[in-house]
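So the protein lines, in turn, are chains A and B. Note that numbering that gives the first Met the number 0 gives residue 209 to position 210 of the first sequence, counting from 1, and the numbers run on in steps of one. Note that numbering that gives the first Met the number 0 gives residue 4 to position 5 of the second sequence, counting from 1, and the numbers run on in steps of one.
Keep in mind the hints are simulated off the structure, nothing from the lab. Bear in mind that the values here come from a model prediction, so they are computed numbers and not experimental data. Hints are supplied without guarantee of correctness; some may be wrong.
As the list claims (entries may be wrong) - Capping the alpha-carbon separation at 20 Å, the derived lysine to any residue pairs in SDA-like fashion look like this:
| no. | chain 1 | residue 1 | chain 2 | residue 2 |
| --- | --- | --- | --- | --- |
| 1 | A | K233 | B | A125 |
| 2 | A | K312 | B | I292 |
| 3 | A | K144 | B | S279 |
| 4 | A | K233 | B | M294 |
| 5 | A | K144 | B | W182 |
| 6 | A | K233 | B | W182 |
| 7 | B | K204 | B | W182 |
| 8 | A | K40 | A | A229 |
| 9 | B | K204 | B | I121 |
| 10 | A | K233 | B | R106 |
| 11 | A | K144 | B | P297 |
| 12 | A | K233 | B | I121 |
| 13 | A | K144 | B | K204 |
| 14 | A | K312 | B | Y105 |
| 15 | A | K144 | B | R296 |
| 16 | A | K40 | A | A311 |
| 17 | A | K144 | B | L295 |
| 18 | A | K144 | A | K40 |
| 19 | A | K233 | B | R107 |
| 20 | A | K40 | A | S193 |
| 21 | A | K312 | B | L295 |
What the hints assert, rightly or not - Which chain B residues stay away from chain A? Per the calculated CB distances, all over 12 Å, these:
| no. | residue |
| --- | --- |
| 22 | I12 |
| 23 | F18 |
| 24 | L21 |
| 25 | E68 |
| 26 | I76 |
| 27 | I121 |
| 28 | R127 |
| 29 | S146 |
| 30 | P156 |
| 31 | G164 |
| 32 | A235 |
| 33 | F244 |
| 34 | M294 |
Note that the Cβ used here is the ideal one computed from N, Cα and C, for glycine as well.
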Amino acid sequence: MSPALFLFRKREWISFAILAFILVVVFPTLFDNFRLNLIGKYLTYSFVALGLVLCWGYGGILSLGQGIFFGLGGYCMAMFLKLEASTPEATAIQSTPGIPDFMDWNQLTSLPFWWQPFHSFTFTLFATIAVPVALAFIISVAMFKRRVGGVYFAIITQAIAAILTILIIGQQGYTGGVNGITDLRTLLGWDIRSDNARYVFYFICVALLLASLLLAQFVRVSKFGRLLIAMRDKEDRVRFSGYDVANFKIFIFCLSAALSAIGGAMFTLQVGFMSPSFVGIVPSIEMVIFCAVGGRLSIFGAVYGALLVNAAKTSLSETFPELWLFAMGGLFIAVVMVFPEGVAGLFRQHVEPLITRGISLVRIGKVRKPRPTAE
Amino acid sequence: MIGDYTYTEFTSILAMQGFAGLTLFSVFVLMALGLAIIFGQMGVINMAHGEFMILGAYVTYLCSQFFSEYLPSLFSIYFFFAMILAFAASFLLGMLVEWGLIRFLYRRPLDTLLATWGLSLILQQAYRSIFGAREVGVTLPDWLMGSIALTDIIEIPINGLFVMGLTILITLGVYFAMFRSTWGKSMRAVVQNRTMAGAVGINTKMVDRMTFGLGCGIAGIAGSAFTMIGSTGPTAGQLYIVDTFLIVVFGGASSLIGTIASAFSISQAQSTIEFFLSGSMAKVLTLLTVVGILMLRPQGLFTLKIRR
Chain A
0 MSPALFLFRK
10 REWISFAILA
20 FILVVVFPTL
30 FDNFRLNLIG
40 KYLTYSFVAL
50 GLVLCWGYGG
60 ILSLGQGIFF
70 GLGGYCMAMF
80 LKLEASTPEA
90 TAIQSTPGIP
100 DFMDWNQLTS
110 LPFWWQPFHS
120 FTFTLFATIA
130 VPVALAFIIS
140 VAMFKRRVGG
150 VYFAIITQAI
160 AAILTILIIG
170 QQGYTGGVNG
180 ITDLRTLLGW
190 DIRSDNARYV
200 FYFICVALLL
210 ASLLLAQFVR
220 VSKFGRLLIA
230 MRDKEDRVRF
240 SGYDVANFKI
250 FIFCLSAALS
260 AIGGAMFTLQ
270 VGFMSPSFVG
280 IVPSIEMVIF
290 CAVGGRLSIF
300 GAVYGALLVN
310 AAKTSLSETF
320 PELWLFAMGG
330 LFIAVVMVFP
340 EGVAGLFRQH
350 VEPLITRGIS
360 LVRIGKVRKP
370 RPTAE
Chain B
0 MIGDYTYTEF
10 TSILAMQGFA
20 GLTLFSVFVL
30 MALGLAIIFG
40 QMGVINMAHG
50 EFMILGAYVT
60 YLCSQFFSEY
70 LPSLFSIYFF
80 FAMILAFAAS
90 FLLGMLVEWG
100 LIRFLYRRPL
110 DTLLATWGLS
120 LILQQAYRSI
130 FGAREVGVTL
140 PDWLMGSIAL
150 TDIIEIPING
160 LFVMGLTILI
170 TLGVYFAMFR
180 STWGKSMRAV
190 VQNRTMAGAV
200 GINTKMVDRM
210 TFGLGCGIAG
220 IAGSAFTMIG
230 STGPTAGQLY
240 IVDTFLIVVF
250 GGASSLIGTI
260 ASAFSISQAQ
270 STIEFFLSGS
280 MAKVLTLLTV
290 VGILMLRPQG
300 LFTLKIRR
């Protein structure tokens, strides 16, 4: 890689530019505000998928609990918005004005202490990332320092996702229960439900996503990225070379948690509510399929995967609700059995050679043998 | 006096909750046994295990319908036929799944997890399409209804006792199949050293298929037992799958005693705490404790010493 082409190879810069073009120009011109908001919602999942590409595809750590971090990030943001919506004037009909409506319904008379800091927007922004990362840190330190990995890690993360859902649903007075935190209105006095706000949030989401892609790519091409792959393929050899494998794993897991949390916060802002149905086992494992469909080794694939699966889900479950679970189940099996590298792998195998051939045809007027594509 | 209760009331409550825990324990053991066999012996995570259980439950439901419709004279013993059929159905489906799916994925445990999750989604939707989204329940024959009164306060339901007896029998059966039969011997040989087992003439592929089928078949029986204490819906299996996985991991995979011990402690803890706190908090506390212990002792309660 020549230093002039910072971070990406030439080909990857083109992929990045195409993706950016689609997200920034094509979608906003093609779709109306409602559809754009929907795409924005799908894009929040691609943050999670991106985290999984790093953590699972490159690090070999399968987490079935990304919904935990997505949810925690989303809940932190939702708590702030809920407090802003629950001014004493707006909630004057409650028996205790000034606290969120679900607390009032559950006979709470004052705001719990851990809700208090969420009056501050700066604290909320900090907590949106910090809370999920702290939890990810605790989980991963406990597991990886003891060299627990593989399926055990997957099961434990899944169990934690289950615990968190049960906890959120059970503690209705503090969390809004099964309905989640709903009826969010304004962000710093600015109506988040207006068309204008949705438009702006879409672009913030895209900007954050592109920045995250650059960050992910930075991690990927750095020495750390190479170690990550080495660790995935032969963990013992990396350990014998004198590296502390656990620390790398902890870092990549926390990074993927942070990415998921950003996705969760953007989800709350764009969709306008947060509920435990985005935290539990089923959504968490669906997030893995976004990543797997896109291609577990491709950071751009993560974005396309999330968009494709969610678009398919929306259209299929609207028209044939019965078929959706069959399709989803089939997708899980197919992505494992038939195309383990996802859409990105298919593209690399079948489409890219054609393009390369086309380019060389144009350039020198005759067909050259396509170069083997480097990964 | 303990809290608001007198001493006798308190012990009775503990006894009743303990018994409720034992019923839960039975279902857990039956489910976890199958899962532990598959996971411990083959290293395969079967996320569709709950759906195999529900298959057994639906077969039992169909049997009870059939017997009450066409053979009312035999209705009192339909359950035994149902159990055999439930085992057979899950066993065959398990073999089919192993042949069509699992055998390609033995080297990729994380991918089996995703593939079997896909299978579980498909099965769930299939149940929903065939049997409807509503939960169904079976009619119990008369001799399984009612309860035995031990003291004034403590009453023990008969169906719970029956399920427990069944669990003990099946556990013993699994024990003999694994440790006292030729087939069990070859299965353990395959686990310890696949290449050598193959070299001495064991058909390792067939052993794999039988093991998977047997694990699923036991899940089918678990489903049969499940109908006696709860109603069956398309997604009922998913409710139990995480608990069961934790039980298997907590017990130390590949150890039957460990599986039973951990199923016992988890179900007892859950049902005892349930009485004092809400059901959801009981579950949270139990699961959290288990996860906490697993973080301190990742190998589980009991471990086999196997040279890897």
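Results for each hint:
1. A/K233 with B/A125: Not satisfied, since the Cα-Cα distance of roughly 41 Å exceeds 20 Å.
2. A/K312 with B/I292: Roughly 38 Å separates the two Cα atoms, so the pair is violated.
3. A/K144 with B/S279: violated, 31 Å
4. A/K233 with B/M294: The hint is violated at about 24 Å.
5. A/K144 with B/W182: Violated. A/K144 to B/W182 sits at ~39 Å, over the 20 Å cutoff.
6. A/K233 with B/W182: violated, 35 Å
7. B/K204 with B/W182: holds, 13 Å
8. A/K40 with A/A229: violated, 34 Å
9. B/K204 with B/I121: Roughly 26 Å between the alpha carbons, so the hint for B/K204 and B/I121 is violated.
10. A/K233 with B/R106: holds, 15 Å
11. A/K144 with B/P297: holds, 11 Å
12. A/K233 with B/I121: Violated. A/K233 to B/I121 sits at ~35 Å, over the 20 Å cutoff.
13. A/K144 with B/K204: Given pair A/K144, B/K204 is violated - Cα atoms ~36 Å apart, limit 20 Å.
14. A/K312 with B/Y105: violated, 30 Å
15. A/K144 with B/R296: Answer holds: A/K144 to B/R296 is near 12 Å, not above 20 Å.
16. A/K40 with A/A311: holds, 14 Å
17. A/K144 with B/L295: holds, 10 Å
18. A/K144 with A/K40: violated, 36 Å
19. A/K233 with B/R107: Between A/K233 and B/R107 the Cα gap is close to 15 Å, so the pair holds against 20 Å.
20. A/K40 with A/S193: holds, 16 Å
21. A/K312 with B/L295: The hint is violated at about 40 Å.
22. I12: For B/I12, whose nearest Cβ neighbour in chain A is about 22 Å away, the distance exceeds 12 Å, so it holds.
23. F18: holds, 24 Å
24. L21: holds, 23 Å
25. E68: Fine: 28 Å to the nearest Cβ keeps B/E68 off the interface.
26. I76: Fine: 37 Å to the nearest Cβ keeps B/I76 off the interface.
27. I121: About 4 Å separates B/I121 from the closest Cβ of chain A, which leaves it inside 12 Å; violated.
28. R127: violated, 8 Å
29. S146: holds, 30 Å
30. P156: Correct as stated: the minimum Cβ-Cβ distance to chain A is 27 Å, above 12 Å.
31. G164: holds, 31 Å
32. A235: holds, 14 Å
33. F244: Nearest chain A Cβ is 5 Å from B/F244, so the label is violated.
34. M294: violated, 4 Å
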